[in-house]
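Visitor: In case you want the letters, here they are:
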Amino acid sequence: DGGITQSPKYLFRKEGQNVTLSCEQNLNHDAMYWYRQDPGQGLRLIYYSQIVNDFQKGDIAEGYSVSREKKESFPLTVTSAQKNPTAFYLCASSLQLGQSYGYTFGSGTRLTVV
Amino acid sequence: AQSVTQLGSHVSVSEGALVLLRCNYSSSVPPYLFWYVQYPNQGLQLLLKYTSAATLVKGINGFEAEFKKSETSFHLTKPSAHMSDAAEYFCAVILDTGRRALTFGSGTRLQVQP
Chain A
1 DGGITQSPKY
11 LFRKEGQNVT
21 LSCEQNLNHD
31 AMYWYRQDPG
41 QGLRLIYYSQ
51 IVNDFQKGDI
61 AEGYSVSREK
71 KESFPLTVTS
81 AQKNPTAFYL
91 CASSLQLGQS
101 YGYTFGSGTR
111 LTVV
Chain B
1 AQSVTQLGSH
11 VSVSEGALVL
21 LRCNYSSSVP
31 PYLFWYVQYP
41 NQGLQLLLKY
51 TSAATLVKGI
61 NGFEAEFKKS
71 ETSFHLTKPS
81 AHMSDAAEYF
91 CAVILDTGRR
101 ALTFGSGTRL
111 QVQP
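Sequence order for the protein chains is A and B.
At position 37 of the first sequence the residue is numbered 37 (my numbering), and the sequence of numbers has no breaks.
At position 102 of the second sequence the residue is numbered 102 (my numbering), and the sequence of numbers has no breaks.
Chain A extracted, bound-state conformation (with noise of 0.2 Å):
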C-alpha cells in the first residue's frame, strides 16, 4: 500500500545536538511538507519542496534544514541552533504544490530533548 512513513516515532535528543527525522513516501507524489505540531497552536509549516532539489521555508524554518535528493525522501534536520524543539512533527506529501490537492499526512515523529 502506499503512504508516507516517518521514523522514529519517538526521538529523544540531548540539548546541542542535531537529529535528522526521516521521511519517505512511495506515492510518487511531487510535494512534500514538514510540519510542527505544539499543543493548541495547530500545525505550523517548517518547510516545503515542490520538487527534488527545490524547497522553500515556511513559517517556522529557523533552526531546521531540510534536503530532497531522491522524490521519495525529504528528511527534516533539527539543528541545536533550534531554541525549542520538543514537539510532534509531521510529514506530509501532495500530488503537486497548491489547487485542491489533499494531503497525505505520516504518523508523526515526537521529539523530546531531554
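Among the hints, erroneous ones may be present.
[Stated by the list, open to error] Calculated pairs, DSBU-like style, for lysine-lysine (alpha carbon to alpha carbon, straight line, at most 30 Å):
1) 9/A to 57/A
2) 9/A to 70/A
3) 49/B to 9/A
4) 69/B to 58/B
5) 57/A to 71/A
6) 71/A to 69/B
7) 68/B to 49/B
8) 58/B to 57/A
9) 69/B to 49/B
Worth flagging that the hints you see were computed from the coordinates, not collected in a lab.
Got chain A; can you put chain B on it based on the hints?
Guide: Same frame as chain A, but now just chain B:
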C-alpha cells in the same frame, strides 16, 4: 494573508447530539478549504474539502461542511455524534497563488460524552 480561525478549542457533546465545529477564513480570493481529523499520536486524515464545485460538501464518517462566502465560514457538522468521533479537528486553507501550502487553524478538540 490567508488564515483560518477555529472558534472554540474544546467542544463537548453528548452521544447522539449534533456536532458543530466552527471555522472562519480570511482571504481576498476564493480559497480551497479542508477539514482534517487527528486521533491521538497519529497523523491527520482528510475529512472533506471544498474546491468551489458545490457549497455543501459531504465527507467521510457522516460529516459535512457548508461554504458560506457571505459569512466567510466553513463550519463542520454531523447530525449525531458517536463516541468514535472524539478527536481533534483542524480546518485548513490553501490558495492557488503565492505559497500554495496548507495553512491550518489551531484545532478543536471534540469530546463525546456517553
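Visitor: Which constraints among the numbered hints does this structure fail? Numbers only, ascending.
Guide: 6 and 8
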